[in-house]
Amino acid sequence: MSSHREAPGISKDPVADNTDLYAFVSPDNSGTVTLIANYIPLEGPDGGPNFYEFGDDVLYEINVDNDGDGDKDVSFRFEFTTEVLNPETFLYNTGQITGLNDSHFNRRQFYTVSRVHGDDVQVLGSHLASPPVNIGPRSTPNYGNLANAAIHTLSGGVKVFAGQRIEGFYVDLGSVFDLAALRPFQSLHLIHPPLNSDGVDSTKAVNVHSMAIQVPKSWLTHDGSTPTSVTGSNSTIGVWAAAYRRKSHVRGDDIESGPWVQVSRMGNPLFNEVIVPMGKKDRWNAVPPSEDNDFLKYVLHPELAGLLPFLYPGVFPKLAAYTLPRGDLQAILLTGIPSGVVGGFQNFTGPKPADMLRLNMAVPPTTVNPNPLGLVAGDAAGFPNGRRVFDDVATVEVRAIAGLVLPLVDPTNFPSADGAAALVSDFTSAQVAAIVGSARYQSSFPYLGNPKDGFDNPS
Amino acid sequence: MADLTRRGFLQTGVATGAASIGTITLGSGLAAAALATVGVTAAELTARSNGQPLIAYVRDAARGEMTVLLGHREVALRDPDLVLRLLKAAH
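Going line by line, the protein sequences match chains A and B. If you count the first sequence from 1, position 181 lands on 181 in our numbering, and the numbers rise without skipping. If you count the second sequence from 1, position 77 lands on 77 in our numbering, and the numbers rise without skipping.
Just to be clear, a hint being listed does not mean it is correct.
[Claimed, not checked] The calculated lysine to aspartate or glutamate pairs, modelled on DMTMM-like cross-linking and capped at a C-alpha distance of 20 Å, are:
1) A:LYS247 to A:ASP282
2) A:LYS280 to A:ASP294
3) A:LYS12 to A:ASP456
4) A:LYS247 to B:GLU74
5) A:LYS247 to B:ASP81
6) A:LYS204 to A:ASP456
7) A:LYS247 to B:GLU65
8) B:LYS88 to B:GLU65
If you are wondering where the hints come from, they were derived from the structure by calculation, not from laboratory data.
Isolated chain A (complex conformation):
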């Protein structure tokens, strides 16, 4: 998946498992950037009686690098506490929850959100309420009202939300993990079922927990200015999310001690999942992007690029013949795209290889008919220029690994891609259009739709 259960260690620690990260210029407030980090993979909406919640013992951060070194310059930190009105009941809610202060809302989470520069920690808001999970029509009627009440506007117009949302990432899990089968093309697979078919939207009825914050662009640049030029030195930021746990936890005594230790991170979707080999995934989760030179070789020679021609015989002959380092993937994932590759666009942060979601904040948002295929489809406001909630990142990355944009970077040795590189996807385009137009997404903050309720899902 994007980064759900993507490494052996973190797959056993869901509340610290960063599943997705989004960074985009807010379409309805273009002077700001919205950053969203999701945690807790594959939440079943009916997962009670102890429903999903953030970890009180986890420190969550969304980090921003604005000088190209792969280390954090600005962070937004979220710390949670859980309060229970009545610990003498097993019930999450003792009746209908009609407001965030409803006495029936028995188990509640609150959080402090801070802006961090080095040792300077500025608390932006404290004891901010999260909404309840979406239990069902009896327990959480008018869920939209509950969720909207948990959108907090702080000083300076900053907006923040932390709570359950519907999963925004769409992928055909059962298919891709069955030897990279893509149902719309599976008749071409080495081990082929008889007919192609539509993809299965595996995540359409599961939820996640999101932390979303909308801040002025000027908060993110190295010089405190608001970028206006796509080519400006202050226009591009690198973003990643990370979760940290205390170094020591003594079970039984329940003592925690020592510094915060990073246990999960995420920049580009699918990086740790598809690029990093199993034996190094846990280490990748433990180090900052500034140490990603250690993983450069897996980007330059990705395993999946070798598997595609094998699993789809005769479909990717040009890809199979290309053995040089993949400079295209290095640009997309580790350095940003330099000027001159895509006309009028760049999000290059320098030569330092670091897996970060790079956002050129001077690119205006696409407010009419945004293309979920983003930059490769001519929509420079989308992935891999940052990432919007509806971007079809699985398709973009599979096509990139298949060599779709390699001719832009190495036209001499790879003048054109295999025809299939522009077509492969786990969904048909009609399916993607239906997903993007669904209630999975909303046009205003926090942009991810209300979570599925547990009474009706699974159905």
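Assemble chain B onto chain A, guided by the hints.
For chain B alone, coordinates are given in the frame of chain A:
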């Protein structure tokens, strides 16, 4: 309103632990005597620990290397004598 955070449990745990130690001290009187032999008081020790548990582990016994955690601090040190005493205490 009950605070059921892990930090809340931590504070409760510290308080409970301190009470247990107090009970042992009162019962035996040996701890106070032991402290006196090294010229330190219980109050001084409490102040040095900031009321927090200290966690130490021997990282490499052969090299006498250990790590000490207190609050959010982590200190790596090399002290073969201390490592030996800890190992003896563990057996």
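Now the hints, each set against the structure:
For a cut-off of 20 Å, the pair hint linking LYS247 (chain A) to ASP282 (chain A) stands: about 15 Å separates their Cα positions. Our distance criterion of 20 Å between C-alpha atoms is met by LYS280 (chain A) and ASP294 (chain A), whose separation comes to about 10 Å. For the suggested pair LYS12 (chain A) and ASP456 (chain A), the alpha carbons sit about 28 Å apart, so the restraint of at most 20 Å is broken. Our distance criterion of 20 Å between C-alpha atoms is met by LYS247 (chain A) and GLU74 (chain B), whose separation comes to about 9 Å.
For the given pair, LYS247 (chain A) sits about 25 Å from ASP81 (chain B) by alpha-carbon distance, which is inconsistent with the 20 Å threshold. The straight-line distance between the Cα atoms of LYS204 (chain A) and ASP456 (chain A) is roughly 13 Å, inside the 20 Å bound, and the hint therefore holds. Only pairs whose Cα atoms come within 20 Å are accepted, and LYS247 (chain A) paired with GLU65 (chain B) is accepted, the gap being roughly 17 Å. Note on LYS88 (chain B) and GLU65 (chain B): the hinted pairing holds, with a Cα-Cα distance of about 15 Å set against a maximum of 20 Å.
Hints 3 and 5 from the earlier list are contradicted by this structure; the remaining hints agree with it.
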